[in-house]
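10 protein chains.
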Amino acid sequence: MSLIGTEVQPFNAKAFKNGEFVDVTEENFKGQWSVVCFYPADFSFVCPTELEDLQNEYAALQELGAEVYSVSTDTHFVHKGWHDSSEKINKITYTMIGDPSQKISRNFEVLNEEEGLADRGTFIIDPDGVIQTVEINAGGIGRDASNLVGKIRAAQYVRQNPGEVCPAKWEEGSETLTPSLDLVGKI
Amino acid sequence: MSLIGTEVQPFNAKAFKNGEFVDVTEENFKGQWSVVCFYPADFSFVCPTELEDLQNEYAALQELGAEVYSVSTDTHFVHKGWHDSSEKINKITYTMIGDPSQKISRNFEVLNEEEGLADRGTFIIDPDGVIQTVEINAGGIGRDASNLVGKIRAAQYVRQNPGEVCPAKWEEGSETLTPSLDLVGKI
Amino acid sequence: MSLIGTEVQPFNAKAFKNGEFVDVTEENFKGQWSVVCFYPADFSFVCPTELEDLQNEYAALQELGAEVYSVSTDTHFVHKGWHDSSEKINKITYTMIGDPSQKISRNFEVLNEEEGLADRGTFIIDPDGVIQTVEINAGGIGRDASNLVGKIRAAQYVRQNPGEVCPAKWEEGSETLTPSLDLVGKI
Amino acid sequence: MSLIGTEVQPFNAKAFKNGEFVDVTEENFKGQWSVVCFYPADFSFVCPTELEDLQNEYAALQELGAEVYSVSTDTHFVHKGWHDSSEKINKITYTMIGDPSQKISRNFEVLNEEEGLADRGTFIIDPDGVIQTVEINAGGIGRDASNLVGKIRAAQYVRQNPGEVCPAKWEEGSETLTPSLDLVGKI
Amino acid sequence: MSLIGTEVQPFNAKAFKNGEFVDVTEENFKGQWSVVCFYPADFSFVCPTELEDLQNEYAALQELGAEVYSVSTDTHFVHKGWHDSSEKINKITYTMIGDPSQKISRNFEVLNEEEGLADRGTFIIDPDGVIQTVEINAGGIGRDASNLVGKIRAAQYVRQNPGEVCPAKWEEGSETLTPSLDLVGKI
Amino acid sequence: MSLIGTEVQPFNAKAFKNGEFVDVTEENFKGQWSVVCFYPADFSFVCPTELEDLQNEYAALQELGAEVYSVSTDTHFVHKGWHDSSEKINKITYTMIGDPSQKISRNFEVLNEEEGLADRGTFIIDPDGVIQTVEINAGGIGRDASNLVGKIRAAQYVRQNPGEVCPAKWEEGSETLTPSLDLVGKI
Amino acid sequence: MSLIGTEVQPFNAKAFKNGEFVDVTEENFKGQWSVVCFYPADFSFVCPTELEDLQNEYAALQELGAEVYSVSTDTHFVHKGWHDSSEKINKITYTMIGDPSQKISRNFEVLNEEEGLADRGTFIIDPDGVIQTVEINAGGIGRDASNLVGKIRAAQYVRQNPGEVCPAKWEEGSETLTPSLDLVGKI
Amino acid sequence: MSLIGTEVQPFNAKAFKNGEFVDVTEENFKGQWSVVCFYPADFSFVCPTELEDLQNEYAALQELGAEVYSVSTDTHFVHKGWHDSSEKINKITYTMIGDPSQKISRNFEVLNEEEGLADRGTFIIDPDGVIQTVEINAGGIGRDASNLVGKIRAAQYVRQNPGEVCPAKWEEGSETLTPSLDLVGKI
Amino acid sequence: MSLIGTEVQPFNAKAFKNGEFVDVTEENFKGQWSVVCFYPADFSFVCPTELEDLQNEYAALQELGAEVYSVSTDTHFVHKGWHDSSEKINKITYTMIGDPSQKISRNFEVLNEEEGLADRGTFIIDPDGVIQTVEINAGGIGRDASNLVGKIRAAQYVRQNPGEVCPAKWEEGSETLTPSLDLVGKI
Amino acid sequence: MSLIGTEVQPFNAKAFKNGEFVDVTEENFKGQWSVVCFYPADFSFVCPTELEDLQNEYAALQELGAEVYSVSTDTHFVHKGWHDSSEKINKITYTMIGDPSQKISRNFEVLNEEEGLADRGTFIIDPDGVIQTVEINAGGIGRDASNLVGKIRAAQYVRQNPGEVCPAKWEEGSETLTPSLDLVGKI
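Residue numbers (UniProt numbering), protein chains in the order written: chain A, 1 to 187; chain U, 1 to 187; chain S, 1 to 187; chain P, 1 to 187; chain L, 1 to 187; chain C, 1 to 187; chain F, 1 to 187; chain W, 1 to 187; chain B, 1 to 187; chain Z, 1 to 187.
Treat the hints as calculated values from the structure; they're not laboratory data.
Note that this is a predicted model, so its numbers are computed, not measured.
Using N, Cα and C, we set each Cβ at its ideal position, and we do this for glycine too.
Zero decoy hints are in this set.
Just so you have them, the derived chain P footprint on chain S, three or more residues with Cβ under 8 Å: (1) 106–118; (2) 131–138; (3) 151–158.
Keeping only pairs whose Cα atoms sit at most 30 Å apart, straight-line, the calculated DSS-like set for lysine-lysine is: (4) B/Lys88 / B/Lys14; (5) Z/Lys17 / A/Lys88; (6) L/Lys88 / P/Lys88; (7) S/Lys103 / U/Lys103; (8) W/Lys103 / B/Lys14; (9) L/Lys17 / P/Lys88; (10) P/Lys91 / L/Lys91; (11) C/Lys14 / F/Lys103; (12) F/Lys88 / F/Lys30; (13) L/Lys14 / P/Lys88; (14) P/Lys103 / L/Lys103; (15) Z/Lys91 / A/Lys88; (16) F/Lys91 / C/Lys88; (17) L/Lys91 / P/Lys88; (18) C/Lys88 / F/Lys14; (19) S/Lys91 / U/Lys88; (20) U/Lys88 / S/Lys14; (21) U/Lys88 / S/Lys17; (22) A/Lys88 / Z/Lys14; (23) B/Lys91 / W/Lys91; (24) P/Lys103 / P/Lys17; (25) A/Lys14 / Z/Lys103; (26) B/Lys103 / W/Lys14; (27) A/Lys14 / Z/Lys14; (28) A/Lys91 / Z/Lys91; (29) Z/Lys30 / Z/Lys103; (30) C/Lys17 / C/Lys103; (31) F/Lys103 / C/Lys103; (32) A/Lys88 / Z/Lys88; (33) B/Lys88 / W/Lys88; (34) B/Lys14 / W/Lys88.
Turn these sequences into a full structure, and let the hints steer you where they fit.
Okay, structure coming up:
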């Protein structure tokens, strides 16, 4: 059974955001769309480029009413230290959650127990705190943040238009399908 | 713990491919790259367009040395029936696996036990039968098969160039990074 | 212990009937006589002829106040697809239940867990939802729907005439036996 | 899971046959076709007519190479007593098994534990001792032995012609179907 | 621990008595003295003579206010059939209990689980439903019903004269002993 | 399940016999017929008369090749003390077993655990150490040793003439029955 | 953990005292000092002399307000029998408890489970029913009752003078010690 | 079950003896008679006088071939410290075992778990390491070491003269009893 | 998980302090700072010098509002005995707790179960009874009590100035740090 | 039970040392003395000064043949990042172990499971990999590294001079004690 359709489980965490240390709980994932992006380790290699790429999409995601959170098993202290040190990370303005207790990573089923590090999982969560999409890549395979906008648009359309279905590669404005018995076996 | 980095578990199944009924096991996922695409049900709505979209990428994926498999909990008989009935499905030339025992869907952790149907999960598997990427969408949010090519290319590059890392949005020919201590905190 | 004399256990299912998708629960089996006919798989071989044969008896069974339900572990979508494709199945006007969660088949103890398919079991259920007859055949041995009418008539006679017993090969109008002590060892 | 396709479990019993007391085990069900007919109680009401009806088919069943066994939880002594007393039972020449230990009835899942009596179950067993058909009726609904001949013929045809399938209401000499991919969705 | 001094456990049974089928429960064993006589099987060998012998004592036992019950794991139907067939059994006017569910035999600890038949146990039960004497013989060793009268008289004397004790081979009218300290070691 | 037909379980005990202390084990019950008579307590009331009665039959039982053993949970020291004190007990020449460990009484299922005393059980054991008859009386109801001779004769006849059966109230020299099918329902 | 300082556990027993049968429970051990003397068996060897010796001290113990109880796993009937037979035992006027259920012996942890006999344990119990001294000897080593008087006097002194301590070999009238810090390491 | 007749369980301990620290194990209790004297605490009140009293008997016990050991849950360091400080303890020449791990006290069932101190138990152990006598007193009731000599003499006599028994208050040279059947109930 | 930050668990003990025996519980560790110093054994080697060293710091610790407790598994009797005997220990004026039940040592996780002795652990406990520092040395490595003053001062400063942090080797009057985001990575 | 005297459990970790990433296992703690210093988090407040203080003692510790390791649950990547950012940390030349799997911290019993961070524990380990000293401080109470030199010297002296003991505040060259019986209670 995948996590799709399940509600985010409770947690308490410290995060770094815009030069501040802030508290984050599962309640932050309710009332707006959320993108949650796990990565293994601060100060490691692929991660900065992925997180920079995510920052580049941040404005577009915010326009769609979506907030962005990155999570690693590092502390919020380390997030600040990295933010201060790395040119790429310094640009980041979204919330960087510290998960040293590994509880959030375990809840999202991306914790590598042997290493104590999170897999590279990206989750889209709807305003009810329910997980809508999961994407996880093995180490070394970078994620492309640019398709998050499309996925959220599709998810928002489905949410606003219950009873219609959204074919593959849907783009806003394109025709959608309202399921009817006649369509069975026709499309 | 995610399925990333784990080997596909054993199974036996009947499939429909090119007008034939064939046997498929986990051994089929070894010796070449594989894309495995789960979907809930034949003769239902989003699925045909997703599967058609996957067919459109099939040639490109084959050029990369990747085989494509679709899986639902329907039987291979139903796959043939659908193939005969639906214009979109009729184009499909890749292997359509029947999983009425629900064993494969359960192994890939995409079985909705309540409904007896698979979630919309896509997996890329390397030639060792090890899962490299996972992507799962809630019902109604169509998948875009076009980014499979990019992901496999990245995965292949990482496999062929151990010791280099592949930043986000990597495209073939672009520069990659060889991890060195000096890069820590710099990128 | 057989299922004879036990009440049908609760379930929720989607079915295809007369070009519509309808909901069916165990409550549908109460208030009238029901014939429930399990078979392994849509689009497979013996099944169509058995189901066609059942359709041929449908009018006669309805005259006896009996409803007819077929069940396989295929979805209601597939039932519609098969109905559209197959000349034999297209004639069917009774309710075709989809049991992809395999719950109904498991409740009636006809699920082949290894294959995920139902055995060829036929059940007659009385208006209290209590199972009165069970008949199950191995694959390949077709069922003869024509004796369902006789069985239901006998079951209805017994229900309406408690205290009489119905000898083998009973036919309506023929003499029945009222059990009395004198009959012991005489018949 | 039904008993269809499972082998008869081991047992030891005393039986009455042709004026003799004989031993019967599960080995008697191997090497020829067998009809095993459970009924609740000697000296009770429906049973004699059902058993007489079975006797009437005995010759035809023997011509098909099938042996006939009746079973109740009465002893073999009682079977002899009943045979001596009842005009209908006196005609019986097939084997009447006594199952006072209730083990056989429990193995065939027809034992009513509360009453200590067997349900009215009829089983056809192939020469490997494997159950091919099950039929069970509630009390008062008589069984019609005449369709046993047809069922055994169908079962024998399937056994002798693996790869062909036998549509409903099959009768010897009628055309059977050899399953091929082309037939899917056509019949 | 023996059953002596324990109350008969609850049961429900059908019995044959004087040409009628009657219901019997553990309540029938209260309010009068009862003799309960188990035997293995109707229509078998020693049993008829034992049961006939018991019938011969029935009048004398009734004069003592004692009722008589025979029990085997045969049904009440079989008891009637045997009553009709056997000259010896036909004389019986006491209650013949059918115990096909084997519950009574199990409660009295005389059920041979392997055979499903009762051992030859005779029990005297007082008007409170409490077991006063147990006698069980191996197969082939006939019981002598004639000493039941003496045992019940002794049991009744003890019940009516609490505080006296009844030496071996006591006969009505003979002197009994009132236990006193002086008797210790004297008798 | 009664103890009839079961072998006596192992034990070690001290006994008093003919002015001597002797060892007794379950092996003493093999190679000859044995009568084992449990009683609650030395120096108590009914017991002496029962034991005296048993002594009176001792010679007759020995002629039949049967040994006699009395058992209580008293020690062998107490048996000697009682033998010395009581006129009735002083006559006893059979073996008086002491069972202070209560093991023998528990094995024969006659131990009243609450009181630590044995019920009044009498057992006949065949030369294989197998229990053939059980008789247990509540306190106050004396046993009549005189019918032990008859029971042992019957048991010996059955043992020497396997295949014949012994009707109730059988006495030596009287006609016995050889079971044959023809007798079923006739006697 | 020894029994010293623990309260006597509940029991019910029959005893022989002064030619009477009396009831004894753990309540009898409250309100006065008690000496409880276990021994293996009536009518055995060391025991009579030990019990006679105890009788010789009885008057002195009574003067101290102490009652005396002997206990064996023999019954009260046997105690009377022994009292009648043995010159030594005949002198006894204290309470002889029968413990055939072995419960008291087990509670005082002196039951030899293998033999069903009590070890030779002597216990002094204070007026609260709390065990103050334990003495147990192996078989053959006789106890000397004469030191019971001294032990009870010491125990009584300690009870009446809490805060003083009583050195070894204390005798009434001799100086006792009131514990004070100054005594530590001095005596 | 008491410890009488059981072998001392294994242990390892440090002890103080004659100005030396020595090792003691359960093997020290074999090959000669041993007196083992537990007491609660060094530097406390009753203990010194008891231990001094034991020292006074030491020579006499050694003449009988018996060694003496005192045990408390104090360490051997404390034993030395006490020996140096206390006039009474300074006289001690027997072995003073330290049991800070509380294992020996627990094995002899004299450990008060709540306090971590040993009860005042004295044990006589025979040359096979088997416990022959147990004596335990509540706090404040001093032990009298002088009767140890008598007990060991009695135990030695029994050991050397198996088959004789030793009446209460036995003293060397006095007549003992050889158990014979004639003595039962006579003494 | 260490004991740091956990509350002291409940206990009851006797202690020696200033020539008195006093009761100590976990409540004594509340309302003031406490130093608890475990050591293996009175009258052993390193311990006296460690305890003397602790006495030397006692005045300074009291000035800081801290009480001092030593604990070993010896009794309070032994503490007094040692105090009287040893010149070094005689100087001690702080509380010497006796822990013969080993409960306190077990609660502080310093009990060597095999030996029954405590490891050399020193604990600083704050006025809420919460453990603030732990220091444990292997046998032979003496502790230096002089750094307790510094540790308590640091702990007191932190307690009185929540929100400031105290760098290593902090000494009263030196500058402390108030954590702020700007300090991350700077110090 | 404390960790004193136990061997370090196996682990595998990545560490940062002198600008390199190196592997560290429990084997690194064998063959020389080791100081292992846990702290909660890189880039947090007290930690840098503690670690700087430890660096200041590093040369002196190396002269004693001791290696130094710091451990936090941060990764080795973060250690490098911190090393690059912080002036204080940049001076560090000893090995900084990353323990993101939390296994080492859990083995040393300093993991705060709720927070996922290590307590401030310092351990001295001897050349056999056996823990000799433990010191743990609550958050905010800085450690003073300067006393590590003294502790190691003392531990080394004890190791090289088995049989001597080392009083508190021992310094090299000062007199040590060789334990002898005479010293008991003297020092």
